[in-house]
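Novice: Residue numbers (our numbering), protein chains in the order written: chain P, 1 to 164; chain L, 1 to 805; chain S, 1 to 150; chain B, 1 to 292.
It should be emphasised that the hints constitute simulated quantities derived from the structure, not laboratory data. Since this is a predicted model, take the numbers as computed values, not measurements. Some hints could be false.
Here are the computed lysine-lysine pairs in the DSS-like style, where the Cα-Cα straight-line distance is at most 30 Å [said to hold, decoys possible]: (1) L:Lys127 x L:Lys164; (2) S:Lys47 x S:Lys70; (3) L:Lys664 x S:Lys2; (4) L:Lys787 x S:Lys2; (5) S:Lys36 x L:Lys127.
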Amino acid sequence: MRTELNVNGQLHVLDVEPRKTLVDCLREDLRLVGAHTGCEHGVCGACTVIVDGTPVRSCLMFAVQAEGSEIITIEGVAPAPGELSILQDAFCETHGMQCGFCTPGMILAAHALLRDNLEPTREDIVEAISGNICRCTGYDQIVEAISLAARRMRGRNMPDGVPA
Amino acid sequence: MSAAKGKFRYISSDRRVLEDRRFVVGKGNFVADIVRPNMKHVAVVFSPHPAARIVNIDASEALKMAGVHYVLTGDELAAATQPMPNGMPTPEVKRYPLAVGQARYVGEWVVAVVADTRALAEDAAEKVKVEYEPLPFVVDGKEAFKKESPPVHPAHGSNILLDKTFVWGDVEGDFAASPRKLSFSQKWGRSSTVPIETFGVIAEWDAWREVLDVWASIQMPKYADQIATAMRLPMNAVRVHQDVDVGGSYGVKRGIKQTVLVCYLSKKLNVPVRLIEDRLDNMRGGDAHGPERNFDVELAFDDNGIIRSMKMDALDNVGAYAGRSPFQLGKPIGAIVGPYKIKSVQYRAMAVTSNKTVQEAVRAFGQSPTNYTIERALDEVAWALNLDRLEVRRRNFIQPHEFPYLIPSGTSYDSGNYPGLVDKVVKQVDLDALYAERDRLRAEGLLAGVGIASCLEPSGGNSAFEPLLNRQNKTTTWMDSCRIAVDALGTVTATMHTTSAGQGHETLVATVVGEALEIDPEKIRISRAHTLDVMPSNSPVGSRMAIMLGGAAFHAANKLKRKMMTIAAHDLGVPLEDLVWDEGTMTSKKNPEQKRTWNEVVLIAHRHFYRMPEDMEPGLTAQHVMQVPNGGKLPTDDDRIQMYPCFSFEFHVVLMSIDPDIGKPVFRRYMIGHDCGTVINPKIVHGMTIGGIAHGIGAALLEEFAYDDEGQLLTQSFMDYLLPSAHEVPKIETVHQVTPSPLTVFGQKGSGESGYLGAPAVISSAVNDALHPLGIKMNSLPLKITKLGDAIAEARAKAGKEMKQ
Amino acid sequence: MKLDIGGEERFEASIDRIWSMVNDPAVLQRCIPGCKSMTETGPDQYKIELNLKVASVGGTMEGAIGLSEKTPPSRCRIQVEGAGTLGTGKGDAIFELREEGGQVVMKYEGTGDVGGLVAGVGQRILKGVAKHLIGKFFTAFRGEIQKAAA
Amino acid sequence: MKPAAFDYIRAESAAHASALLVEDENGRIIAGGQTLVPMLAMRLARPSRLIDIARIPELSYIRDESETISIGATTRQVLVEKSALIAQKLPLLHKAIEWVGHPPTRARGTVGGSLANSDPAAEIALVAATLGATLRYVDETGENSIEVDDYFIGPMITTLPQTACLIGADFPKWGEPHVGTGFEEVNARSSDFAFVSAASQVAFDADGKCTRAVLGIGGLGDFPFRADVDAVKDRIENEAALREAIGLAIEDIEPLSDLHATGEYRRRVAVTLACRSLLNAVREAKGFAHAN
């Protein structure tokens with residue numbers, strides 16, 4: 001089925017089977033492999049991408065459903081090759097990961113939180129990432145990373161709400 | 001860590017983890033990210049029966065479908081490959097990637113279908129008709145142990161894979177001499193590490209070069225050997241690519257059956273073949289469940305709470321095939337008395353087959369269940385004597401001056417300061433105040449309990465349990481390696497020879513090499529060799545990489561340094577001993593004007609052969625293969641063995657409350673004291689520890705591969721197998737202590753299993769303390785809400801009745 | 001996964017009528033939810049094809065159904081067994097008919113046993129769905145009685 | 001876990017969706033997909049065609065009608081969560097919604113989807129049952145409605161006609177001056193389906209007399225239901241009386257029993273939660289007045 005997908009600001013025209021999930025389409029057809037499949041039934045959050053501004057499970061959405069939406073994947077977050085966003089850098093600073101498998105989804109979930117809330121409490125952060133399972137870290141350094149990023153973003157010479 | 005400050009340049013300092021950069025941008029190299037030209041995909045047909053004879057397989061419908069290339073049965077595969085390795089001397093317990101003749105558990109893979117896409121393969125798998133004749137089955141471990149239980153492998157004659165009793169010391173004498181005795185039983189439920197990335201593997205046979213390339217999400221010693229053996233190929237025809245990032249493992253990523261399956265298919269079909277388990281494949285048939293263990297314990301102690309002797313029976317229900325799982329009863333022998341001075345031990349290790357999914361090595365390789373039981377023993381003694389639980393531990397602790405300490409089973413503990421760390425935690429947590437808080441919560445009508453657990457993490461893994469449990473096995477070599485090269489332009493590349501699943505090995509090697517050579521670790525390139533460019537490794541198991549890979553890197557760096565200094569000394573015409581190394585510049589002590597810079601030595605080694613010492617090879621490379629410190633010996637005739645060399649220590653204190661009407665346990669406070677010797681990277685160790693606790697919280701409260709009486713696995717998805725989310729892991733406070741190991745290059749010990757070793761024990765301890773006023777105890781994990789709620793309700797109803805009487 | 005099946009239904013019809021309906025493959029085929037075909041393979045033995053559908057959930061199954069231990073017109077045993085895309089299923093129930101106050105009371109009691117996919121991922125809702133399917137059977141069965149009466 | 005093949009079509013309207021269902025009885029409506037897609041992935045569900053109603057603009061709204069708050073079927077749960085109108089006029093739903101899944105599933109999941117999938121423990125369904133919502137749908141006969149009391153049958157099963165497309169739900173507003181709500185739930189993890197849940201809403205008059213009280217219980221039976229507590233509204237602050245009334249009200253319910261919670265657990269805890277939710281509602285109603 002002919003489908004137009006707007007991913008990271010780029011329009012792609014694809015022929016996809018209706019049964020293909022968005023995550024499979026991103027990974028296989030667009031070779032954007034940063035969204036990972038961990039459970040394919042909407043629990044683990046490793047496939048999280050941002051659709052029309054909110055983090056969603058790309059395994060619980062078919063690619064054909066995403067036509068007309070704006071999709072941001074982890075590949076669309078870094079400002080330039082070799083340059084990290086504030087949030088990505090904060091994850092490196094606190095080592096908010098181990099194996100890195102849940103990391104892209106976690107960062108996108110946090111990305112959406114910080115867009116709306118630059119002064120998140122620990123509870124806000126926990127709630128925002130509660131749909132993303134990390135088996136390695138026990139979440140502590142992830143929460144710390146998001147909190148650090150928020151701190152750094154508050155200190156930026158930029159108006160609130162502008163994503164990092 | 002403060003003790004180490006100043007001593008090291010890079011070690012122990014709070015440095016970033018080199019691997020992280022690629023992960024935060026989604027540029028990891030996971031197996032599912034890899035695409036090979038013309039790659040085909042596999043889906044499997046699984047058994048819905050716990051035990052059934054395979055009467056007939058009809059694949060005709062599936063084979064007619066467009067895009068479907070092959071349907072493979074167990075019979076074909078078994079004829080063409082060797083059975084998978086069997087750790088125990090139980091030759092009749094044969095295991096192949098697909099069931100042969102009989103299926104032995106729900107979820108066992110029976111048929112594999114190859115198609116152009118995974119979706120097509122699944123379509124076709126549905127069309128394969130397998131006719132079964134159900135057979136008698138057994139799911140419970142204690143039942144399986146009985147003679148009359150239906151044997152999972154009739155040719156083996158029974159379900160018993162292992163039943164060996166060890167006696168270390170005068171157990172009967174100590175029991176007879178002890179004024180007090182008690183016994184208890186408890187069970188560690190079947191859970192596992194369940195990484196978020198399932199297992200996946202791609203195999204590509206090149207018939208012209210006769211090389212089998214394998215990319216896999218693997219964490220397993222001797223993987224290439226096992227592939228070559230199973231495939232009947234020379235080992236130098238197997239090239240495992242170790243630069244594949246592994247999306248979590250914690251022991252279980254050992255998909256040898258998956259690998260043999262795709263290797264065979266690739267060779268047979270002459271195309272690259274990929275199998276990425278989906279979550280359902282993984283949960284029911286990925287053969288990655290963890291220990292499920294019944295304990296029966298008897299203790300002999302005195303009125304002061306000093307434990308003299310312990311008898312422990314441990315029965316592991318390993319599932320349908322043997323694999324390595326019986327050995328998970330063997331590793332805890334190296335820390336069978338925990339941090340305590342128990343003089344004699346009788347240990348009966350039993351492993352049985354049952355009609356459940358196969359077990360795999362899980363974080364700590366059986367030690368965490370055993371710690372859970374040892375800690376329960378300490379609590380039981382305290383309760384029996386009405387003594388403080390921590391006081392009983394203090395009285396039994398091995399003291400700092402007693403190291404190295406030889407435990408009855410023959411292992412020497414390297415170093416430790418258990419009371420020191422306990423004191424620090426007690427102070428930091430303010431234990432008296434914590435008890436006061438517990439009592440305040442109780443006064444509010446809640447059930448509240450303080451949990452205490454002090455546990456060891458044996459580290460620097462070797463396989464000493466193999467020759468101990470299976471005397472035919474004489475494997476005592478358990479090395480790891482590193483190679484370092486300085487190229488013609490002077491930059492440094494270090495090579496490691498294993499995969500990594502988030503443990504930060506690249507950072508480890510860079511930090512250690514940087515430390516030794518006094519150069520910025522970020523300037524060191526780390527490369528992961530494939531197995532045809534190989535040095536031996538036994539992979540990151542048993543909390544060994546800081547010790548083993550760190551050690552290998554250190555020694556290789558020192559060899560390199562020595563070579564560079566030898567060249568410099570020769571070029572300067574001064575004795576080697578006269579040179580000092582300062583950030584890569586080699587300067588004469590006698591005459592500081594005389595020196596050679598790093599780049600000068602690089603130039604000599606790579607281009608100016610005439611300036612080289614005689615008989616020295618040109619270029620700048622060095623390598624080191626490291627054997628486990630103090631390992632390498634066979635067990636004695638009386639079954640004593642040096643298991644792992646280094647012993648990290650952790651002390652957990654928690655406060656939990658339970659609303660008695662609901663039964664849901666809630667963390668109020670969680671503190672861990674942790675001592676893994678010299679810390680190489682604090683961020684990594686912190687993450688391992690907190691992550692281990694989170695995993696332990698899962699095992700203690702949420703996670704279980706639950707079977708019903710009919711042998712059906714009821715928890716095949718993440719909707720029923722519950723992993724802790726950010727909500728379920730409380731804020732955890734940490735206290736550090738550094739007691740260096742005398743056996744390692746920097747005093748480091750392992751920490752890859754930390755947290756997980758004590759979390760289940762401490763949670764159980766807290767819950768039982770909370771239930772104490774009701775006069776009940778919970779004897780199994782996980783402590784699910786309904787189990788607690790129903791037990792509390794029953795106890796209250798009983799108490800209510802008694803009150804009325 | 002074991003499911004207990006049991007209940008009592010009352011019908012406005014003669015006991016002989018109900019007995020013959022229970023033993024009539026054509027009636028059973030129309031009443032068993034999703035039954036596409038029922039082919040006799042031996043005395044009181046049938047091969048069945050099901051196309052089960054409960055709201056979103058559905059799948060095809062093939063299996064066998066057998067009637068045994070008959071004591072006309074009061075008692076019989078029904079055994080069903082099948083496998084398909086949703087997993088495996090087995091049912092074994094005793095039906096007892098008696099007359100009471102001008103009605104026929106059908107008491108049934110037995111067990112179901114579900115394996116494979118549904119047992120592994122649907123244990124939460126399995127019992128509710130089974131109950132619904134039994135309900136559907138009896139609704140259709142009542143429809144058959146009315147049809148016969150009309 | 002790849003779904004079996006299906007066709008996909010975007011419906012232009014609810015009537016179009018219904019017509020498509022008439023055309024093919026194996027078609028299935030998809031809105032947010034948060035319940036349906038996992039079932040597709042596991043191949044528990046295998047529709048011939050997915051009829052996507054998520055983008056029908058007129059099905060997504062939250063409206064303040066005279067007697068009700070009316071919510072369109074494809075209204076995303078996150079919009080309910082963030083709606084000031086809901087917080088003010090439908091506080092029980094406001095309280096319940098944060099228990100629904102987690103942020104990413106609420107971002108896609110819809111109010112109608114939750115009602116259509118009828119999980120015994122679904123929070124939105126529980127609120128609908130508690131307050132006595134009216135569900136509106138379109139089928140080949142035009143627009144119709146069902147009272148929630150006649151709607152739920154069991155897990156995933158409702159009386160919604162096979163050819164119907166749910167278009168919205170009307171939740172009654174309470175006009176009393178002092179209204180309080182309570183919502184309680186027990187689950188293993190906060191994003192999981194509840195073992196049991198209870199929702200309450202009470203109203204007090206200016207004299208401090210309870211004039212109305214409703215209680216709903218989820219997770220206990222095959223579907224969420226309203227338990228009759230009207231008889232104890234005069235003793236609404238008497239815990240023992242409440243417990244007894246609730247116990248009686250759920251006496252005939254055969255409790256669900258599964259791996260996660262036994263039937264005894266559910267029955268016992270249902271009483272506790274119901275009682276707590278009512279007492280919390282009372283506390284809230286008496287503590288401050290809801291400006292309606």
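Novice: All hints are to be evaluated individually against the structure, with a verdict given for each.
Specialist: Results of checking the hints against the structure:
1. A distance of roughly 46 Å separates the Cα atoms of lysine 127 of chain L and lysine 164 of chain L; the hinted pair therefore is violated under the 30 Å criterion.
2. At roughly 19 Å between alpha-carbon atoms, lysine 47 of chain S and lysine 70 of chain S fall within 30 Å of each other, so this suggested pair holds.
3. Between lysine 664 of chain L and lysine 2 of chain S the alpha-carbon distance is near 28 Å, which keeps this suggested pair within the 30 Å criterion.
4. For the proposed pair lysine 787 of chain L and lysine 2 of chain S, the alpha carbon gap of about 20 Å is at most 30 Å, so the pair holds.
5. For a cut-off of 30 Å, the pair hint linking lysine 36 of chain S to lysine 127 of chain L stands: about 18 Å separates their Cα positions.
Violated hint for the displayed structure: number 1, the only one.
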